[in-house]
Amino acid sequence: MSVEVNERGVEPDTPRGEPLVKLIGIKKYFPITQGILIQHRIGNVHAVDGVDLEVYPGETVGLVGETGCGKSTLARVVMRLYDATEGQLLFDGQDITHTRGKELRELRRDMQMVFQDPYASLNPRSPVGAIIAEPFRLHKTVPKDKVKGEVQQLMELVGLNPEHYNRYPHEFSGGQRQRIGVARSLALRPKLIVCDEPVSALDVSVQAQILNLLEDLQNEFKLTILFIAHDLSVVQHVSDRVAVMYLGKIVETGVGEVLYAQPRHPYTGALLSAVPVPDPSKAREKRRIILEGDVPSPIDPPPGCRFHPRCPRTQAMAREQGLKDDQGVARRYVPRCYEEEPILELQPAGQLAACHFPLDRPIMPAEPQPAAEAVVEPEPESPA
Amino acid sequence: MPEPLLEVKDLHVHFPTDDGLVKAVDGISYSIQPGETLGIVGESGSGKSVSSLTVMGLVTRKQADISGDVVFEGQELLDLPADEMRKIRGAKISMIFQDPMTSLHPYYRVGDQIAEAILQHRDVSKKEAFAQAVEMLDRVRIAQPKDRARQYPHEFSGGMRQRAMIAMALSLNPDLLIADEPTTALDVTVQAQILELIGTLKHEFNAAVIIITHDLGVVAEHCDNIAVMYAGKIAEYGRTDDIYYRPHHPYTWGLLQSIPRLGEVTERLTPIPGLPPSLIHVPSGCAFNPRCAYAFDRCRKDVPELLPIDGHHASACHLSLADKDRILQEEVLVDR
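Line by line, the protein sequences are chains Y and U.
Reminder that position 119 of the first sequence reads as 119 in my numbering, one-by-one numbering, no gaps.
Reminder that position 209 of the second sequence reads as 209 in my numbering, one-by-one numbering, no gaps.
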């Protein structure tokens with residue numbers, strides 16, 4: 001693995017032109033209400049809680065995180081399917097945070113989405129040709145008599161047989177359906193495609209086909225992709241830069257290989273450690289960090305660093321330093337972690353991380369230098 | 001070699017349907033020793049779940065044409081009457097299912113559900129069974145097990161529900177635990193917790209475990225032996241290191257190449273072309289031949305047998321060893 005840092009994605013100030021998408025302090029809260037006649041707001045779900053992110057033309061930015069970290073909400077805010085509670089959203093240099101009506105509809109030509117579930121995102125009663133033609137019908141970019149030809153061209157582009165124009169979604173396999181979803185998203189030649197878990201419902205052998213297809217299309221149409229997934233290895237494969245989210249915030253962002261080789265945020269480290277490695281000897285060597293418990297509720301996120309209640313690092317430090325509170329009871333966390341909220345700061349390897357006490361050791365074993373191929377493997381360990 | 005705990009011999013499970021005969025499992029054989037962890041890997045529709053459901057006696061002759069042998073601790077399970085099977089299921093062989101949301105009953109308290117399993121098999125009072133359920137919840141590392149046992153499944157998170165399922169499965173100290181995609185519905189960090197838990201409990205209870213999954217990472221980290229299934233058959237079987245470092249079946253090669261690997265810069269993935277076959281119209285000869293780059297005439301005619309390569313390692317492929325060596329060398333299919 002090359003750790004040539006910052007070829008493409010130096011943080012934060014390599015000149016790469018203007019970002020296509022720029023999020024400034026984006027927040028999205030969902031109100032929780034109580035009462036039957038008079039609805040009282042009793043709290044908020046802090047789904048996205050202050051995210052700054054820039055996506056440059058032609059690049060792929062990956063968003064990873066666990067269920068409930070706000071990655072899908074963020075995608076929907078970018079797509080303007082949700083209105084941001086706070087913050088500013090720029091697309092192509094233009095403030096689109098509050099764009100409405102006709103303008104918004106025109107804007108949607110430039111941004112399209114591919115959804116997770118290829119079974120639920122296609123109308124079962126509509127033939128495939130009509131599904132892919134839907135954007136043309138809405139936006140009238142293509143004269144009616146040319147729609148069919150255009151659709152068949154799209155089908156060919158994504159590797160579907162154009163003769164299957166009149167078939168229904170149920171006649172296609174999961175991978176083929178995802179191709180239909182991709183074709184539909186490409187119909188208007190958008191600048192940005194937001195992919196929300198596009199391959200997580202697919203079998204491994206088919207998953208690679210779709211990932212390659214996205215890559216080809218990106219090269220052909222100079223697409224910018226925001227790629228959301230929970231699978232770190234998939235995200236790292238497709239992305240130029242990766243942003244790790246936890247409870248509505250980005251905790252670390254940088255070039256995928258750098259995050260892998262030198263993760264700084266303990267949460268990134270824990271995620272890396274949790275991904276099962278399809279390589280038995282590497283799996284035996286890697287550091288195991290098992291996080292305790294589940295992600296806390298985003299209704300009332302923990303104070304200070306949101307990760308501190310699950311953070312193995314602050315717990316280990318508090319134990320090692322023998323920290324005690326006023327009553328002499330051992331502290332579980334280093335006070336700074338729950339008193340002060342860390343901000344994203346530039347790290348030596350080039351990524352940004354929001355942590356007071358970043359990791360200083362890698363999680364994964366160092367990559368062996370590419371030596372001669374025939375390596376004699378040690379005999380497998382017998383189970384204890 | 002000690003007596004295997006479970007031996008599956010030439011198992012066929014065929015479902016007659018209106019569209020034709022679905023050959024979900026089409027002649028598989030494997031055995032598992034006490035304390036061993038076996039991984040069964042395959043894509044959807046490869047027959048990996050059906051084969052284990054048959055071992056559990058959850059697919060019976062009423063629903064399917066079953067032939068072959070399933071011998072557990074020297075006893076043939078396929079011919080066992082239902083009430084005898086019920087004594088084994090849960091007590092000696094138990095199972096964890098993929099979806100912890102649907103496999104717990106929403107109307108009953110979690111503790112009562114675990115206690116029910118104990119009451120079925122042991123001669124204890126309700127109170128004792130409940131106390132045992134609480135103890136089991138504690139052993140699967142659920143905090144405040146006493147209070148938790150009185151809660152309903154909807155009050156549990158996904159990871160905790162899966163823990164409760166494991167508690168239920170292990171409450172009778174089974175000899176064999178079958179985990180069917182135990183972590184597919186969970187986040188990676190929770191997945192790591194659950195797999196770690198299964199690993200430690202396996203030692204505590206000295207049970208053998210079968211992990212069924214589509215995730216090549218999960219099996220690499222947690223299994224001693226691996227069976228790769230394709231279209232109802234075992235394509236390759238061997239020790240974990242054999243499968244990852246000396247794979248002998250083109251399907252295994254394809255699988256290993258098609259997954260993105262963390263920390264490795266692969267410009268392009270190499271997918272397996274085409275789609276897994278329908279189990280009604282399985283291609284003649286080797287079921288993988290239409291997707292295999294190395295298929296030759298014989299592959300389209302004869303069904304390859306699962307033949308040993310060296311001792312433990314076996315693969316079902318017509319390619320000769322010399323050909324495979326040449327392919328592996330020339331194309332550098334595996335990275336080590």
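Since the hints were derived computationally from the structure, they do not count as laboratory data.
For glycine and all other residues, C-beta sits at the position ideal for the given N, C-alpha and C.
Honestly, I wouldn't trust all of these hints.
If the Cβ cut is set under 7 Å, some of the chain Y residues that face chain U in the computed set are [what the hints assert, rightly or not]:
| id | residue |
| --- | --- |
| 1 | H40 |
| 2 | T85 |
| 3 | L89 |
| 4 | E171 |
| 5 | S173 |
| 6 | L211 |
| 7 | N212 |
| 8 | D240 |
| 9 | Y260 |
| 10 | A274 |
| 11 | P276 |
| 12 | P280 |
| 13 | I290 |
| 14 | Q327 |
| 15 | V329 |
| 16 | M364 |
BS3-like mimics (lysine-lysine), calculated; alpha carbons at most 27 Å apart, straight line [stated by the list, open to error]:
| id | chain 1 | residue 1 | chain 2 | residue 2 |
| --- | --- | --- | --- | --- |
| 17 | Y | K286 | U | K202 |
| 18 | Y | K27 | Y | K148 |
| 19 | Y | K191 | Y | K102 |
| 20 | U | K87 | U | K9 |
| 21 | Y | K282 | U | K202 |
| 22 | U | K62 | U | K301 |
Evaluation of the provided hints:
no., hint, result
1, H40, "violated (24 Å)"
2, T85, "violated (25 Å)"
3, L89, "violated (28 Å)"
4, E171, "violated (13 Å)"
5, S173, "holds (5 Å)"
6, L211, "holds (6 Å)"
7, N212, "holds (6 Å)"
8, D240, "violated (11 Å)"
9, Y260, "holds (4 Å)"
10, A274, "holds (4 Å)"
11, P276, "holds (3 Å)"
12, P280, "holds (5 Å)"
13, I290, "holds (6 Å)"
14, Q327, "violated (23 Å)"
15, V329, "violated (19 Å)"
16, M364, "holds (6 Å)"
17, Y:K286 <-> U:K202, "holds (22 Å)"
18, Y:K27 <-> Y:K148, "violated (42 Å)"
19, Y:K191 <-> Y:K102, "holds (19 Å)"
20, U:K87 <-> U:K9, "holds (22 Å)"
21, Y:K282 <-> U:K202, "holds (22 Å)"
22, U:K62 <-> U:K301, "violated (33 Å)"
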